[in-house]
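Listed below are the residues making up each chain.
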Amino acid sequence: MVRITKKTSQTIGLPPGTLFHVGERKAESVRVTIIDYDQANVEEKEVKSVDECFPFKDKPSVTWINVDGLHDLEVIEKIGTAFGLHPLILEGIANTEQRPKMEDYEQHIFVVLKMLYTEKEDDEVVAEQVSLVFGSNFVISFQERTGDVFEQIRERIRNAKGRIRKMGSDYLAYSLIDAIVDNYFIVLEKLGDKVEILEEGLLPTPKPETLPATQGLKRALISLRRSVWPLREVISGFERGDSALIKKPTRVYLRDVYDHTIQVIDTIEALRDMVSSILDIYLSSISNRMNEVMKVLTIIATIFIPLTFIAGIYGMNFEYMPELKWRYSYAIIWIVIIGVGVLMLSYFRRKRWL
Amino acid sequence: MVRITKKTSQTIGLPPGTLFHVGERKAESVRVTIIDYDQANVEEKEVKSVDECFPFKDKPSVTWINVDGLHDLEVIEKIGTAFGLHPLILEGIANTEQRPKMEDYEQHIFVVLKMLYTEKEDDEVVAEQVSLVFGSNFVISFQERTGDVFEQIRERIRNAKGRIRKMGSDYLAYSLIDAIVDNYFIVLEKLGDKVEILEEGLLPTPKPETLPATQGLKRALISLRRSVWPLREVISGFERGDSALIKKPTRVYLRDVYDHTIQVIDTIEALRDMVSSILDIYLSSISNRMNEVMKVLTIIATIFIPLTFIAGIYGMNFEYMPELKWRYSYAIIWIVIIGVGVLMLSYFRRKRWL
Amino acid sequence: MVRITKKTSQTIGLPPGTLFHVGERKAESVRVTIIDYDQANVEEKEVKSVDECFPFKDKPSVTWINVDGLHDLEVIEKIGTAFGLHPLILEGIANTEQRPKMEDYEQHIFVVLKMLYTEKEDDEVVAEQVSLVFGSNFVISFQERTGDVFEQIRERIRNAKGRIRKMGSDYLAYSLIDAIVDNYFIVLEKLGDKVEILEEGLLPTPKPETLPATQGLKRALISLRRSVWPLREVISGFERGDSALIKKPTRVYLRDVYDHTIQVIDTIEALRDMVSSILDIYLSSISNRMNEVMKVLTIIATIFIPLTFIAGIYGMNFEYMPELKWRYSYAIIWIVIIGVGVLMLSYFRRKRWL
Amino acid sequence: MVRITKKTSQTIGLPPGTLFHVGERKAESVRVTIIDYDQANVEEKEVKSVDECFPFKDKPSVTWINVDGLHDLEVIEKIGTAFGLHPLILEGIANTEQRPKMEDYEQHIFVVLKMLYTEKEDDEVVAEQVSLVFGSNFVISFQERTGDVFEQIRERIRNAKGRIRKMGSDYLAYSLIDAIVDNYFIVLEKLGDKVEILEEGLLPTPKPETLPATQGLKRALISLRRSVWPLREVISGFERGDSALIKKPTRVYLRDVYDHTIQVIDTIEALRDMVSSILDIYLSSISNRMNEVMKVLTIIATIFIPLTFIAGIYGMNFEYMPELKWRYSYAIIWIVIIGVGVLMLSYFRRKRWL
Amino acid sequence: MVRITKKTSQTIGLPPGTLFHVGERKAESVRVTIIDYDQANVEEKEVKSVDECFPFKDKPSVTWINVDGLHDLEVIEKIGTAFGLHPLILEGIANTEQRPKMEDYEQHIFVVLKMLYTEKEDDEVVAEQVSLVFGSNFVISFQERTGDVFEQIRERIRNAKGRIRKMGSDYLAYSLIDAIVDNYFIVLEKLGDKVEILEEGLLPTPKPETLPATQGLKRALISLRRSVWPLREVISGFERGDSALIKKPTRVYLRDVYDHTIQVIDTIEALRDMVSSILDIYLSSISNRMNEVMKVLTIIATIFIPLTFIAGIYGMNFEYMPELKWRYSYAIIWIVIIGVGVLMLSYFRRKRWL
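Listed in order, the protein sequences are those of chains A, B, C, D and E. First residue of the first sequence? That's 0 in numbering that gives the first Met the number 0, and the numbers climb one at a time after it. First residue of the second sequence? That's 0 in numbering that gives the first Met the number 0, and the numbers climb one at a time after it. First residue of the third sequence? That's 0 in numbering that gives the first Met the number 0, and the numbers climb one at a time after it. First residue of the fourth sequence? That's 0 in numbering that gives the first Met the number 0, and the numbers climb one at a time after it. First residue of the fifth sequence? That's 0 in numbering that gives the first Met the number 0, and the numbers climb one at a time after it.
Calculated from the structure, these hints are not laboratory results. Keep in mind the model is a prediction, meaning the values are calculated, not measured. Please note that a few of the clues may not be correct.
If you want the footprint, here are the derived chain C segments under chain B, 3+ residues with CB under 8 Å [claimed, not checked]:
(1) 97-106
(2) 157-170
(3) 289-296
(4) 306-314
(5) 319-328
Straight-line Cα separation of at most 30 Å, DSS-like style, residue types lysine-lysine; simulated pairs [claimed, not checked]:
(6) Lys294/C with Lys350/E
(7) Lys324/A with Lys324/C
(8) Lys56/B with Lys206/B
(9) Lys165/C with Lys247/C
(10) Lys294/D with Lys189/E
(11) Lys350/A with Lys324/C
(12) Lys58/E with Lys44/E
(13) Lys193/D with Lys217/D
(14) Lys247/B with Lys77/C
(15) Lys58/E with Lys217/A
(16) Lys247/C with Lys294/D
(17) Lys206/E with Lys193/E
(18) Lys206/E with Lys44/E
(19) Lys294/E with Lys350/C
(20) Lys247/B with Lys247/C
(21) Lys206/E with Lys350/D
(22) Lys294/D with Lys193/C
(23) Lys350/C with Lys47/D
(24) Lys206/B with Lys206/A
(25) Lys206/A with Lys56/D
(26) Lys294/C with Lys44/E
(27) Lys246/A with Lys189/E
(28) Lys165/B with Lys77/C
(29) Lys247/A with Lys56/B
C-beta atoms are modelled at their ideal positions from N, C-alpha and C, and glycine is treated no differently.
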């Protein structure tokens with residue numbers, strides 16, 4: 000989060016629409032692949048220069064250009080010029096610190112989404128920005144690095160699985176969004192597992208690791224929520240919007256993604272509830288244990304303090320202490336001491352302090 | 000909740016509309032029953048093959064097909080083809096981890112609901128998905144296992160009790176939804192009993208079992224809420240929607256189910272309030288008891304420590320301690336000790352620490 | 000609240016519109032009274048059989064039928080048939096565990112309200128259901144037991160006080176609702192008094208009774224809120240609704256009741272704020288007192304423990320302890336002991352721990 | 000707040016529109032002043048009988064009648080009759096326990112506002128009700144006692160300062176509302192000063208007076224909020240309403256008052272935040288101090304308890320204790336005692352407990 | 000915040016539209032600069048008298064008048080007269096304690112914004128008011144002191160960088176707003192750094208400085224939020240408003256600023272979450288440390304108290320204590336003492352209290 004504020008400040012003062020890559024350079028080199036398909040044919044190739052894409056622009060078939068790596072601004076600019084994209088779209092693609100959003104530029108629709116990963120070693124949820132621009136016969140997707148979430152869709156296009164080959168660019172855009180939202184469930188599953196492990200770890204005795212772990216999960220869930228929450232509006236705007244680019248059959252599918260998004264949000268909220276309830280149990284069991292310790296220890300101390308006083312009395316050196324000379328004083332003192340101890344213990348027990 | 004995230008991830012990457020059964024296989028075999036009725040006649044049978052249902056499709060009478068068990072995707076697919084259902088409806092039926100929702104596909108309306116059970120042995124509230132699809136003259140209901148909540152409705156159809164035989168498929172669909180919502184009250188009743196028992200258990204002394212029990216109830220109420228809350232929108236969308244499938248007389252009844260749903264939500268919120276108030280009382284009475292213990296014990300210790308000091312003084316072995324030789328020293332010391340003790344006790348009492 | 004869930008479950012499985020009395024049988028026998036009035040005449044009588052009411056139905060004068068006691072379903076049914084009420088209205092009248100609501104059935108409007116009482120002996124706020132049905136020239140009110148909140152309205156009708164005799168059935172219905180809402184202020188007043196007493200009781204020393212008392216008030220306010228909150232919507236729906244049954248001059252008065260309802264809700268919220276602030280003060284003053292006790296007691300113990308150590312030193316029996324033989328050892332020891340005590344006290348005081 | 004509930008209950012059972020003065024009798028006698036002005040002339044007088052006001056009614060000039068003191072219901076009633084006010088307006092004027100509201104009666108608009116004062120001696124914020132009724136050429140204002148907030152407006156009218164003489168009765172009504180809202184800033188300023196003093200008082204050591212003081216401020220802010228919050232709706236209803244009584248140039252000014260009201264609400268919320276943050280700091284510094292006390296005291300006790308044990312050992316009277324006879328035992332014991340003490344202190348210091 | 004209430008009260012009682020400078024006099028003298036440009040030419044100068052600006056008013060080129068320093072009311076008044084501004088606009092410019100707002104006066108639009116600075120030495124976020132008025136061919140900006148946030152825009156105008164020279168006054172106004180919003184990211188970045196430092200400072204041991212530091216950050220974020228939150232509405236009102244002054248191409252850019260504002264708000268909320276989570280960790284680690292101290296110390300005390308009692312027993316001076324004379328008593332006592340100590344330690348360890 001702190002990271003966000005840092006990077007964004009680099010673009011301050013630039014005129015709007017200026018291309019400036021905000022974000023880590025995650026890919027070595029920019030990789031552009033192209034798939035062009037209609038119901039009958041599929042053509043797929045990885046292009047060396049982005050200019051190879053432009054001939055597809057005027058074909059009626061659906062063209063999907065996927066760009067991995069955003070640091071080569073020239074590529075973005077060339078695409079922008081070729082497809083007539085608004086400068087703010089290009090700025091939005093290059094600046095990877097955007098909120099998910101959907102913008103209707105009449106000729107094309109611009110969508111910003113977050114792809115989520117959990118890093119192997121820790122709880123951190125990493126968000127990568129995916130931008131989509133689509134017009135009547137093309138979809139251009141921009142990713143920060145080479146990913147594989149879209150591979151399944153390529154597979155479906157190649158094998159004409161499902162309806163994808165029969166439908167237009169809007170359905171392809173929907174499929175990409177759907178793939179990203181589906182991927183959220185995997186992240187949620189991992190976090191859900193961690194929550195479960197934390198919860199089970201509470202049972203015998205609370206462990207001090209629980210506190211930072213819940214804090215980590217809490218933060219992961221907050222950042223997840225920031226990525227997913229705006230999506231709700233994005234997709235509902237999509238579904239209800241009146242753009243001619245989105246045809247009616249696709250709207251039904253968008254409603255389905257919308258339902259998935261709501262389900263993701265619901266699950267995030269439920270996980271948040273569970274994490275904060277783990278925290279509550281942890282804190283109250285810590286304080287219960289502490290109380291128990293203090294109680295038993297204080298009871299021991301309390302029993303022996305009066306007894307020590309009795310012993311102290313007969314340790315005094317007065318010359319005239321008649322008891323000191325009596326034959327059975329010592330035995331009596333022991334009886335008194337044991338009696339007082341037993342009485343106190345039974346009093347504590349009756350009061351249910353033990 | 001964690002369970003949800005696990006199962007759903009299995010379908011990731013499949014093209015939308017793909018049939019894939021998400022959920023436990025709760026029924027041994029798929030069981031299909033059919034009731035066909037109009038004001039004059041009722042025909043009821045359990046069919047071996049789902050194909051036996053299709054002739055009823057074109058009859059003007061109301062046909063209710065009930066499918067128990069969702070793991071045989073072929074059955075769902077055949078019904079889908081016969082009744083012309085959208086692939087997303089079929090996917091929604093097979094995937095039992097959906098949020099309650101209502102979708103209007105013009106020719107038919109698709110409703111997803113949650114049937115709730117409390118398992119005998121523990122607090123866990125188990126939700127089973129019930130999907131309804133209804134058109135102008137049929138209702139198809141899908142359940143995860145053979146249940147008996149709908150038995151009462153079958154009874155009413157057989158005996159022409161109430162208005163059910165006089166009205167159309169929309170009224171049948173309403174009746175099924177009503178039966179499910181009515182069933183929530185039984186779950187609420189059981190949870191309410193548990194809350195009451197917990198509350199009564201607080202009175203003499205707080206018990207350590209209270210903490211996990213309230214946590215269990217809290218979680219049961221959260222999961223209940225997740226099932227019921229979306230229902231509010233579902234039924235209100237139903238009632239206010241402009242679908243031609245729902246006739247005006249039925250809308251009045253839907254308003255009634257809506258009121259029941261609000262009442263269920265109200266009761267859930269009230270139970271949540273009560274549970275969190277039980278937790279508050281529990282925690283503050285625990286800490287009150289602890290405080291009481293500590294106070295009494297500390298007071299005992301505090302009285303005897305100064306007295307032990309006095310005894311310690313006259314236990315010193317100095318050669319020149321004139322008091323040691325005085326005749327009444329020992330008696331005086333006892334008077335001093337008792338005096339100091341009484342003074343401290345009365346001071347404590349005046350300060351209302353005892 | 001728990002009570003609600005219990006009773007409602009008895010009706011589960013009955014067809015909608017089935018008459019079933021849910022609630023305690025609060026009245027011995029059903030009592031039906033009738034007042035028929037227009038600007039010129041008033042006729043008032045208690046009827047033996049409900050059939051005596053029906054002749055009034057077709058007279059242009061306003062007829063107010065009041066039914067005390069709901070357990071005789073035959074009475075409700077007869078009225079329903081005579082006035083052509085929808086079965087759901089009759090079910091709603093008999094089931095006393097409803098949420099306040101307003102339903103427009105075109106020919107008549109059905110209103111469910113809660114009359115509130117505080118039981119003499121405890122804090123419990125008891126809600127009794129009052130149902131009103133009114134058409135163009137009649138109002139029928141159903142109460143669980145014989146009450147006296149409506150007596151003032153009867154008085155006004157008899158004496159032609161105010162405008163009531165000049166206006167129609169909608170104004171009568173408004174007057175009944177107004178009487179019920181006005182009655183809430185009496186309940187609020189009693190709760191307000193209790194809050195004030197609790198608050199004053201905090202001042203010298205917190206009392207242990209405060210905790211259960213605030214919990215009781217909290218619950219009373221929650222249940223009150225549940226009865227009053229839906230009223231807001233009910234009355235605003237009334238006022239803004241387009242039913243031809245409610246004439247324009249009456250709408251102005253409904254706006255007034257609406258304002259009163261908002262004021263009741265405001266006062267409930269303010270009382271809730273006060274109760275939770277009483278709880279905060281109580282808890283923090285309890286813990287302050289505890290801290291004070293612990294502090295003073297620990298200070299006493301701390302001063303005497305080092306002193307007892309000094310005394311212990313010279314209670315040792317070593318043969319070669321030169322100090323034991325010195326002439327002024329004992330006096331010096333006393334000086335040391337007093338000096339150490341004074342030093343510690345002044346240190347504590349300087350640190351403001353005393 | 001409790002006060003509210005008490006007074007309002009007196010009117011229960013009266014027919015709506017009945018005049019009944021609810022509130023303390025704050026003014027000795029009712030005082031009626033009148034200012035009549037147009038762009039050219041001003042006429043100002045204090046009238047003995049309210050009847051003297053009525054001739055102004057039919058003049059085209061703007062007439063402002065101000066009534067201080069509400070207990071003489073005859074005055075209110077006469078004005079009501081003369082200006083044709085709805086009975087509910089008159090009831091609303093006499094009942095001073097209303098929520099701020101705005102009601103459009105077509106012929107005139109009725110506004111209820113709260114004037115706020117801080118009493119000199121304590122934190123209590125006192126609210127006085129001000130009612131305004133205005134028609135096309137008159138404004139009638141009702142106050143509970145003779146105030147001076149409106150004096151500035153009288154001054155402006157007399158001296159034709161600003162635009163007031165050039166504009167109609169709606170601008171006068173706006174000016175009165177503006178004067179009341181402006182006055183809130185003075186109350187806020189006083190409360191702000193108190194918050195600042197409280198905050199500065201936290202710095203060296205927390206004082207026990209902080210707790211009741213924050214509670215007092217909290218309550219003052221709650222009551223302020225109750226008075227101001229509804230104003231938001233009132234003025235926005237005013238500004239957006241379509242009443243012909245409010246002309247377009249005046250609407251711009253109403254937007255300005257609206258902004259002020261939002262600013263008042265903002266400031267109240269900010270003060271509430273500050274007060275609760277003061278409370279948090281207070282409570283955590285109290286508990287920090289307590290912890291510190293307990294820690295140091297416990298450390299002292301802990302060091303001396305083992306040392307006292309050592310001394311106790313050599314205070315035993317066994318005949319065969321070889322150490323007692325050794326030459327350097329006593330010196331060694333001192334070394335051991337000092338050594339143990341130093342070791343424990345350094346351990347504590349290393350663990351950073353000191 | 001307290002400051003706000005203080006200054007505003009000075010204007011109370013003045014007629015609306017009265018010019019009165021509320022705020023500190025931040026600039027030495029009022030400085031007026033003017034830039035007049037169209038696609039071909041730029042003219043820039045600093046004027047001595049504000050009258051020099053007025054000739055530009057009727058030129059078709061875009062005129063940007065920037066006023067630094069608000070205490071010379073004559074300047075504001077002259078501009079107001081020359082450009083025909085509503086008195087409330089002038090009042091709003093002079094009163095620097097306004098909430099951000101946007102007001103459409105048809106002929107011109109008035110915008111109030113807050114420029115934010117962090118003072119070098121402390122956490123305090125300082126807000127300076129910037130007012131913009133723009134019409135079809137001019138923008139007038141008012142600042143409290145000479146700033147440099149707008150320098151970049153001047154640079155762009157001079158060098159015809161970006162589109163600014165090709166577009167109208169609405170684009171210039173947008174650019175100024177954009178510069179201010181961009182500047183918020185710098186403030187957020189500084190606060191983000193502080194949050195990060197605080198968080199890292201928690202790790203080894205909590206420091207007492209954390210508490211006031213989090214409080215300072217909390218307050219800075221609250222005040223930031225107050226400045227930014229209303230902006231959301233301002234800019235969305237701008238974008239969606241139907242003013243003819245804002246042309247369609249500019250609206251696209253306004254949507255972009257809107258997104259930035261949402262992002263600023265998001266980041267503020269995230270920082271608030273982090274600060275309150277730092278506070279939680281701080282408080283719970285403080286109390287954990289305290290618990291640990293208390294536990295270890297109490298254990299030490301508890302072990303030695305029973306042992307001291309045993310020693311006390313054999314320090315008694317009874318004549319008939321047979322053990323005193325036995326040969327191995329002393330050795331046995333040591334064994335008993337060590338045995339009891341070991342037993343207690345192992346008991347504590349088994350109970351996991353150590």
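Within 8 Å of chain B (C-beta), three or more residues of the region 97-106 of chain C: holds (count 5)
Pair hint Lys294/D and Lys193/C, alpha-carbon separation not exceeding 30 Å: Between Lys294/D and Lys193/C the Cα gap is close to 42 Å, so the pair fails against 30 Å, i.e. violated.
Restraint status (C-alpha distance of Lys206/E to Lys350/D at most 30 Å): 14 Å, holds
Straight-line alpha-carbon gap Lys294/D to Lys189/E, limit 30 Å: Cα-Cα ~37 Å, so violated.
Three-residue Cβ test at 8 Å for the coverage of the region 289-296 of chain C by chain B: With 4 residues in contact (Cβ-Cβ under 8 Å with chain B), the coverage given for the region 289-296 of chain C holds.
Restraint check for Lys58/E with Lys44/E, where alpha carbons must lie at most 30 Å apart: 16 Å, holds
Coverage assertion for the region 306-314 of chain C with respect to chain B, Cβ distance below 8 Å, three residues required: n = 6 at 8 Å, threshold three: holds.
Straight-line alpha-carbon gap Lys247/C to Lys294/D, limit 30 Å: 74 Å, violated
Given pair status - Lys206/A, Lys206/B, alpha carbons within 30 Å: 23 Å, holds
Straight-line alpha-carbon gap Lys193/D to Lys217/D, limit 30 Å: 11 Å, holds
Lys350/A paired with Lys324/C [C-alpha distance capped at 30 Å]: 51 Å, violated
Satisfaction of hint between Lys247/C and Lys247/B, Cα-Cα up to 30 Å: 28 Å, holds
Checked against the numbered hints given earlier, this structure breaks hints 2, 8, 10, 11, 15, 16, 18, 22, 23, 25, 26, 27; the rest are met.
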